[in-house]
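Enquirer: Given the sequences, and given the hints that come with them, work out the whole structure.
Keeping their order, the protein sequence lines are chains A and B.
In this text, residue positions in the first sequence follow the UniProt record's numbering: the first is 1, and each later residue adds one.
In this text, residue positions in the second sequence follow the UniProt record's numbering: the first is 1, and each later residue adds one.
It is worth saying that the hints were derived from the structure and are not from the lab.
Incorrect hints may have been included.
As the list claims (entries may be wrong) - Ranges between beta-carbon positions, derived for each pair: (1) A/P248 to B/P422: 19 to 27 Å; (2) B/G306 to A/F72: 38 to 46 Å; (3) B/N246 to A/A79: 45 to 53 Å; (4) A/G155 to B/D86: 36 to 44 Å; (5) B/G374 to A/A97: 56 to 64 Å; (6) B/D86 to A/A97: 32 to 40 Å; (7) A/R112 to B/D86: 46 to 54 Å; (8) B/T226 to A/F72: 25 to 33 Å; (9) A/I39 to B/G98: 17 to 25 Å; (10) B/T226 to A/A79: 28 to 36 Å; (11) A/F153 to B/P422: 36 to 44 Å; (12) B/N246 to A/G155: 22 to 30 Å.
Ideal Cβ positions, reconstructed from N, Cα and C, are used throughout, including at glycine.
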Amino acid sequence: MAAVVASVSKTPTRTRRRLGIPIGWGFVTPFLVFFVIAILAPVVYAIYLSLFREQIVGGSGFVGFDNYVRAFTDPEFWAGVGRVIAFMIVQVPIMLAFSLIAALAIDSGRLRAPGFYRILLFLPYAVPGVVAVLIWGFIYGPRFGLVGSINNFLGAQIFTPLTPDWVLASIANISVWEFAGYNMVIFYAALRTVPSELYEAASLDGAGPLRTVMSIKLPALRGALVITTIFSIIGSFQLFNEPNLLKPIAPNAITSNFTPNLYAYTLSFAGQQYNYSATIAIVMGLITAIIAYVVQLRGTRKELA
Amino acid sequence: MKRSMRIAAAALTAALFAVGLAACSPGGGSDTSAAGKPADLDAALSKGGEITYWAWAPAGEAKAKAFEAKYPNVKVNYVNAGSGVDEYTKITNALKAGTGAPDVAQIEYTAMPQFYLAKSLVDLSSYGFGDLKSDFIPGSWGAVADGEKVYGLPEDSGPMAMFYNQRVFDQYGITVPTTWDEFSAAAEKLHAADPNQYLTSDGGDGYFASSMIWQAGGHPYQVDGTKVTIDLQDEGTKKWTGVWNNLVEKKLLSPTPSYTDDWYKQLGNGQIAALISGAWMPSLLESAAPEGAGDWRAAPMPTYDGTAASANFGGSAQGVLSQSKNPALAAAFVKWMNDSPEGVKVLQDSGSFPSTVSDLKAPDFADATSDYFGGQQVNKILLAASETVPDGWQYLPYQTYAQTIFADSVGQAYANNSDLNPGLKKWQETLVSYGNEQGFTVTGK
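Expert: This is the structure we're talking about:
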């Protein structure tokens, strides 16, 4: 029987295969060219760089995994990693909780002008990151900024957002302001896809607003939550713009290894240690991928349960 | 499952992008030495051409325009590529990439060694630049020349002085300090009278610290080819921290970071009443803190024992980058800017303090008065200061990087209002290990 089937389908399979291969490649090539040039080549090049050490005196030489050994034993690097992890643990839940509450509020239908609030909350995301940090830098100014004015009014230095103790919290505040609206829109979009029959059924069953949120809206948001969490984690690990732009007004609070990306930047562009910088970037990329993957696994496991 | 794969792929792609961004810095340095001769300069000028010039000093664009007016067949593309380390980063990247670097660039004296040691600057001695040595003051010439090799020509210079706000001094009954002890006492008196008032500001700056050590007679960096010795606990350093620790620990220094909006505002309204700074400070004050017009004065830098002493702080040169396609024309532009009466005049018109002996000795230079400084002859004080700069100072061949990481160690002492010496020791440790990694033979004392 198998032989019969095989002999029947023999001719069409061959034709498809003969034509199929070049056509398939034709469809894939545009993406593949982009992928190889823009993504694969730099990564391969970074890995290549990380195996060498170039010196101001004496040129370049192959050093094997020396740079990786150094990265894993570099307290400056791990201090930066610890800082972004602390940032992530505190900032991501606060931001997502804020976005979630805002999305639920706008979706609840009890606000007078939901479109207005939606745009208002989303607006900071439309402000370029660089401009946002400059605005906040002015607000945080301890002498002539808003914080300075409040301190003057109170007659004491109560708020010191740019001191070493507070600067990470100040950056977290900027990030919440910048990205809460973006996450809110993702949540809101997910809520809009909930069919209205579900709400009707719930109200017929006598579910109050809180019960509706817990049993219908939050489960519907699970996928969106996983995605926003992963994006926020990646964003935290890549923290660079905010500290780099605040550094001129808080030079002692934001050290050159404040975040791993800032450290890689300083090593490469001020220290001319391109090889070690590439190593740091690769190690950081791997850490980010692993943590993002773990979060994603956990998120989907809950979804299945 | 499919969706989870997609999310994982998105996460991975984002991570890959992060790696890719850091990797855009190809290797390979070029060793271009111009084998020209002095006559090439005039030939290049009459032939004409196009060169690119990167600078941030106020006279930069004016110089390019004046040069074009004088040599109409030469086109100078002036670009302000950011100041100091911002510009160096771009130059270093362009050199690494093999294309995109300017022909001529403004480079601070502190950064000259890092560029010529990496063979990024053309040795201009073959164009006869070695003969120009006597045209410049020794302090500035020492920064552009390495033995017989000449890697650029000095532009401005920065002998240090004290600039102070006479109105604030009068208001609080402070006499102009001439020693560091008097300076500390004045700082205490002023801050006690009004907690918003500071005698001076210093939030931590590696160049400033180095110049202060220089004035105290220290030689913390000693360079002999690729052999480097660092001693940030030498006698001069200890002398400086002896004075400065007191100011740091008692919170008598305004912590406002220099060259920020807040800083300029405090200079304008008198909350920072004095600055120890280089000869470029008067013109910066005039443009960035116009509210202080008429209030400011200049005086010699306070001393440790009554013997007049100053140091250099800042100052730039122009060099020709090794990537230049037209080094002869670029060299001719450098020479015109810094060693011709027309070029130096443009510099002086912008308020900068030149490095050329003939211009510094000109009587109308010393006699010039400044309205911002209440009609005072500021140049006279700066000229006197330039005579009392201790000899034999050297910068590290990687001073720009040293500056970048100053805040990580010494800056922490500033932030905690604690002893600067442990911070300086830590800074030294990092500089020693960095230097050795970069192929220098560095010893820390």
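Enquirer: Please go over all the hints and tell whether each is borne out by the structure.
Expert: Cross-check of the supplied hints:
no., hint, verdict
1, A/P248 to B/P422: 19 to 27 Å, "holds (25 Å)"
2, B/G306 to A/F72: 38 to 46 Å, "violated (55 Å)"
3, B/N246 to A/A79: 45 to 53 Å, "violated (31 Å)"
4, A/G155 to B/D86: 36 to 44 Å, "holds (39 Å)"
5, B/G374 to A/A97: 56 to 64 Å, "holds (59 Å)"
6, B/D86 to A/A97: 32 to 40 Å, "holds (39 Å)"
7, A/R112 to B/D86: 46 to 54 Å, "holds (49 Å)"
8, B/T226 to A/F72: 25 to 33 Å, "holds (30 Å)"
9, A/I39 to B/G98: 17 to 25 Å, "holds (23 Å)"
10, B/T226 to A/A79: 28 to 36 Å, "holds (31 Å)"
11, A/F153 to B/P422: 36 to 44 Å, "holds (38 Å)"
12, B/N246 to A/G155: 22 to 30 Å, "holds (28 Å)"
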